[in-house]
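Enquirer: Here is what each chain is made of, one letter per residue.
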Amino acid sequence: MANISIHKAPEQYVVLPFFITSGIFFLIFTVLIVITGRGLFGHHFQPKVLAIVHSLALGWGTMVIYGAAYQLVPVIFERPLSSSRLAFSTYILLTLGTCLLIYSFWHFKIGLLMCLGGLLITFSSYLYFYTLWMTTKDVEHLFELRLYFTLSAFWLCFTTTLGLLLAINLFHGFLTKSHLDILKLHAHVGIVGWFLQLILGAGAKMLPMFLLGRSAKTKWLYVSIILINLGLVLFLLDGYTHPVGLRSLIFGVIVLLGVICWAVFVVDCYIHRARNILDITMKHSFISFLSLLFAFFTLPMVVQQQFGSWVNLYFVWLFLGWITGLILGMTFKTLPFMIWNWHYKDLNGTKKIPMPKELYSQRLLSIQYYLYLLALFVMAIAVAFKLKWLLYCAAWTWVALAVVYVLNIVKVVFHRRTL
Amino acid sequence: MKIDLTKPEAFEELKAVQALMLVMDPELGINIVDMGLIYHLDLTDPSCIVVTMTLSSAYCPMGDSIVQGVENTLQQQFPNKAIVINLVWEPIWTPDRISEEGKILLDRG
Numbered sequence: 001m002a003n004i005s006i007h008k009a010p011e012q013y014v015v016l017p018f019f020i021t022s023g024i025f026f027l028i029f030t031v032l033i034v035i036t037g038r039g040l041f042g043h044h045f046q047p048k049v050l051a052i053v054h055s056l057a058l059g060w061g062t063m064v065i066y067g068a069a070y071q072l073v074p075v076i077f078e079r080p081l082s083s084s085r086l087a088f089s090t091y092i093l094l095t096l097g098t099c100l101l102i103y104s105f106w107h108f109k110i111g112l113l114m115c116l117g118g119l120l121i122t123f124s125s126y127l128y129f130y131t132l133w134m135t136t137k138d139v140e141h142l143f144e145l146r147l148y149f150t151l152s153a154f155w156l157c158f159t160t161t162l163g164l165l166l167a168i169n170l171f172h173g174f175l176t177k178s179h180l181d182i183l184k185l186h187a188h189v190g191i192v193g194w195f196l197q198l199i200l201g202a203g204a205k206m207l208p209m210f211l212l213g214r215s216a217k218t219k220w221l222y223v224s225i226i227l228i229n230l231g232l233v234l235f236l237l238d239g240y241t242h243p244v245g246l247r248s249l250i251f252g253v254i255v256l257l258g259v260i261c262w263a264v265f266v267v268d269c270y271i272h273r274a275r276n277i278l279d280i281t282m283k284h285s286f287i288s289f290l291s292l293l294f295a296f297f298t299l300p301m302v303v304q305q306q307f308g309s310w311v312n313l314y315f316v317w318l319f320l321g322w323i324t325g326l327i328l329g330m331t332f333k334t335l336p337f338m339i340w341n342w343h344y345k346d347l348n349g350t351k352k353i354p355m356p357k358e359l360y361s362q363r364l365l366s367i368q369y370y371l372y373l374l375a376l377f378v379m380a381i382a383v384a385f386k387l388k389w390l391l392y393c394a395a396w397t398w399v400a401l402a403v404v405y406v407l408n409i410v411k412v413v414f415h416r417r418t419l
Numbered sequence: 001m002k003i004d005l006t007k008p009e010a011f012e013e014l015k016a017v018q019a020l021m022l023v024m025d026p027e028l029g030i031n032i033v034d035m036g037l038i039y040h041l042d043l044t045d046p047s048c049i050v051v052t053m054t055l056s057s058a059y060c061p062m063g064d065s066i067v068q069g070v071e072n073t074l075q076q077q078f079p080n081k082a083i084v085i086n087l088v089w090e091p092i093w094t095p096d097r098i099s100e101e102g103k104i105l106l107d108r109g
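These protein sequence lines map, in sequence, to chains A and B.
Taking the numbering used here, the leading residue of the first sequence gets 1, the next gets one more, and so forth.
Taking the numbering used here, the leading residue of the second sequence gets 1, the next gets one more, and so forth.
No lab work stands behind these hints, which were simulated from the structure alone.
Treat the hints loosely; a few may be bogus.
To be clear about the criterion: a stretch of chain B counts as covered by chain A if any three or more of its residues have a C-beta under 8 Å from a C-beta of chain A, and this derived list gives those stretches [said to hold, decoys possible]:
1) 23-29
2) 60-71
3) 90-99
Below are the DMTMM-like pairs computed for lysine to aspartate or glutamate, each with C-alpha atoms no more than 25 Å apart in a straight line [as the list claims (entries may be wrong)]:
4) A:K48 / A:D181
5) B:K81 / B:D42
6) B:K15 / A:D346
7) B:K103 / A:D279
8) B:K103 / B:E13
9) B:K103 / A:D268
10) A:K351 / B:E101
11) A:K352 / B:E101
12) B:K103 / A:E358
13) A:K357 / B:D42
14) A:K351 / B:E13
15) A:K351 / B:E12
16) B:K81 / A:D346
17) B:K2 / B:E90
18) B:K15 / B:E100
19) A:K345 / B:D64
20) A:K352 / B:E13
What follows is a list of derived Cβ distance ranges for each label pair [stated by the list, open to error]:
21) B:L5 / A:R85: 29 to 39 Å
22) A:K351 / B:H40: 20 to 30 Å
23) B:K2 / A:P80: 35 to 45 Å
24) A:S89 / B:E100: 46 to 56 Å
25) A:W396 / B:Q76: 47 to 57 Å
26) B:H40 / A:F297: 47 to 57 Å
27) A:H141 / B:H40: 51 to 61 Å
28) B:E101 / A:K351: 19 to 29 Å
29) B:E101 / A:P300: 48 to 58 Å
30) B:Q18 / A:P80: 32 to 42 Å
31) A:R363 / B:E101: 27 to 37 Å
By construction, the Cβ of each residue, glycine as well, lies at the ideal position given by its N, Cα and C atoms.
Produce the complete structure using the sequences and hints provided.
Expert: Written out as structure tokens, the structure reads:
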């Protein structure tokens with residue numbers, strides 16, 4: 001056998017539940033959009049909108065990122081997960097906590113139930129941080145990737161702790177600052193510190209792998225990390241002492257510069273690639289990052305509004321365009337490979353076996369892509385111009401998209417080996 | 001990968017290379033010989049085959065299955081020999097090692 005151990009992938013039970021559950025939460029989220037309807041046009045601080053946003057941010061985004069991280073971190077850092085049990089317990093805590101939180105927000109039952117949900121999610125984030133830290137603490141190389149993963153986990157803990165404090169503050173007011181102002185900080189620590197940083201870190205490793213590309217410009221990744229965290233810390237310090245306003249744009253620009261530095265590295269990998277792929281999963285990623293740019297472009301209008309079309313559009317680009325688009329594509333770059341490894345790893349080289357991309361339906365993936373484009377475009381127009389009838393069209397398109405996505409996930413997960 | 005036909009073990013080496021062409025990189029869908037992952041085959045010892053190979057990256061999620069595939073296919077073809085796999089990271093694999101056939105398959109011919 002090989003004299004270098006490369007068998008580091010975690011057990012199936014650690015990773016699969018995250019992918020399956022996130023798909024279910026995505027479906028729930030789309031149904032909630034239909035039920036809420038024109039309520040989405042109003043202020044973001046309303047029970048049903050809070051429930052929808054948390055079903056998306058926690059049940060969909062965070063859930064699938066946990067699963068993908070538990071799969072990728074051992075492979076990238078060449079260390080087995082420090083504890084599969086702890087990793088699995090983060091799944092239980094996150095799932096229960098998210099269900100409680102969605103229920104309490106939807107019915108606006110402020111009190112113990114909401115706080116319990118927040119507490120479970122906060123514990124889950126601490127355990128995730130601990131598992132990640134213990135897995136990678138002895139790794140001396142790949143320092144820039146460690147920074148991306150560790151700092152994003154730290155900001156996740158910060159986000160969940162702040163969220164828990166906000167939940168407590170709702171029924172036992174103790175914060176001296178405006179609840180809505182702190183809510184803005186809570187949302188942006190989650191978006192920039194957790195989602196953005198983790199996605200950029202994973203992308204810095206995955207995209208070169210998919211493209212068979214290389215770049216020596218890793219210094220740009222360090223600059224990217226510094227700028228993103230600098231922008232976020234300054235935003236938090238400023239946001240705690242002043243209301244979010246035009247001045248906050250400076251911090252948004254610093255974060256944008258961080259994303260551009262990351263893009264320099266990725267573009268260099270793209271130029272020096274051996275593989276010319278533009279499959280549907282990569283198209284999803286392209287649209288996703290385009291949506292992130294759109295979100296940045298809307299910032300000058302967003303900071304001048306307390307609520308309204310620009311704020312809603314901003315969240316559409318971030319949550320539905322950027323995060324959702326990326327997950328919809330990347331799921332089929334990770335999940336089929338896990339299942340393939342499970343069924344066919346031992347048969348490789350002995351007979352003709354199906355490849356991972358044959359485990360899911362290309363046709364469904366293609367339908368998913370066009371539904372995603374349609375749903376995002378129609379949603380953006382409906383929200384921007386407050387068109388009620390168009391919002392219903394968009395909402396039903398999201399439901400159709402979620403159904404197609406979940407069907408394809410089911411096809412992969414329940415794949416049967418025929419050889 | 002070049003085979004010196006003047007060597008006494010050339011036939012076996014050819015047989016081994018053909019066997020290794022059955023091992024696919026699951027992500028890319030091309031075989032590992034055309035990928036340039038096999039650096040050297042040593043069949044001078046009649047009791048074993050020593051394969052010196054690499055992976056496209058040290059953190060290739062499919063690395064385990066590829067190494068397993070090499071062992072499987074060679075064991076099938078040479079049931080009486082031990083298979084020894086030296087997984088190395090030097091020289092580092094670069095896309096330049098992909099064969100012309102491999103490049104065509106990767107749409108970069």
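Enquirer: Take the hints in turn and mark each one as holding or not.
Expert: We went through each hint and held it up to the structure:
1. 23-29: holds (count 6)
2. 60-71: It holds: at least three residues are needed, and the segment 60-71 of chain B offers 12 whose Cβ sits within less than 8 Å of chain A.
3. 90-99: holds (count 3)
4. A:K48 / A:D181: holds, 19 Å
5. B:K81 / B:D42: holds, 12 Å
6. B:K15 / A:D346: With Cα atoms ~21 Å apart, K15 (chain B) and D346 (chain A) stay inside 25 Å; holds.
7. B:K103 / A:D279: holds, 17 Å
8. B:K103 / B:E13: It holds: about 24 Å lies between the C-alpha atoms, which stays within 25 Å.
9. B:K103 / A:D268: Holds: K103 (chain B) and D268 (chain A) sit about 20 Å apart, inside 25 Å.
10. A:K351 / B:E101: Between K351 (chain A) and E101 (chain B) the Cα gap is close to 21 Å, so the pair holds against 25 Å.
11. A:K352 / B:E101: holds, 19 Å
12. B:K103 / A:E358: Satisfied, since the Cα-Cα distance of roughly 21 Å is no more than 25 Å.
13. A:K357 / B:D42: Violated. K357 (chain A) to D42 (chain B) sits at ~34 Å, over the 25 Å cutoff.
14. A:K351 / B:E13: holds, 20 Å
15. A:K351 / B:E12: The given pair, whose Cα atoms are some 20 Å apart, holds under the 25 Å limit.
16. B:K81 / A:D346: holds, 19 Å
17. B:K2 / B:E90: holds, 19 Å
18. B:K15 / B:E100: Given that 25 Å is the threshold and the Cα spacing comes to 21 Å, the pair holds.
19. A:K345 / B:D64: Holds - the C-alpha atoms of D64 (chain B) and K345 (chain A) are around 8 Å apart, at most 25 Å.
20. A:K352 / B:E13: holds, 22 Å
21. B:L5 / A:R85: 29 to 39 Å: violated, 56 Å
22. A:K351 / B:H40: 20 to 30 Å: holds, 26 Å
23. B:K2 / A:P80: 35 to 45 Å: holds, 38 Å
24. A:S89 / B:E100: 46 to 56 Å: holds, 51 Å
25. A:W396 / B:Q76: 47 to 57 Å: With a Cβ separation near 53 Å, W396 (chain A) and Q76 (chain B) satisfy 47 to 57 Å, so the hint holds.
26. B:H40 / A:F297: 47 to 57 Å: Taking Cβ atoms as reference, H40 (chain B) and F297 (chain A) lie about 53 Å apart, which means the hint holds.
27. A:H141 / B:H40: 51 to 61 Å: violated, 26 Å
28. B:E101 / A:K351: 19 to 29 Å: holds, 22 Å
29. B:E101 / A:P300: 48 to 58 Å: With Cβ atoms ~52 Å apart, the hint holds.
30. B:Q18 / A:P80: 32 to 42 Å: holds, 35 Å
31. A:R363 / B:E101: 27 to 37 Å: Since the Cβ atoms of R363 (chain A) and E101 (chain B) sit about 29 Å apart, the hinted range of 27 to 37 Å holds.
Checked against the numbered hints listed earlier, the structure breaks hints 13, 21 and 27; every other hint is satisfied.
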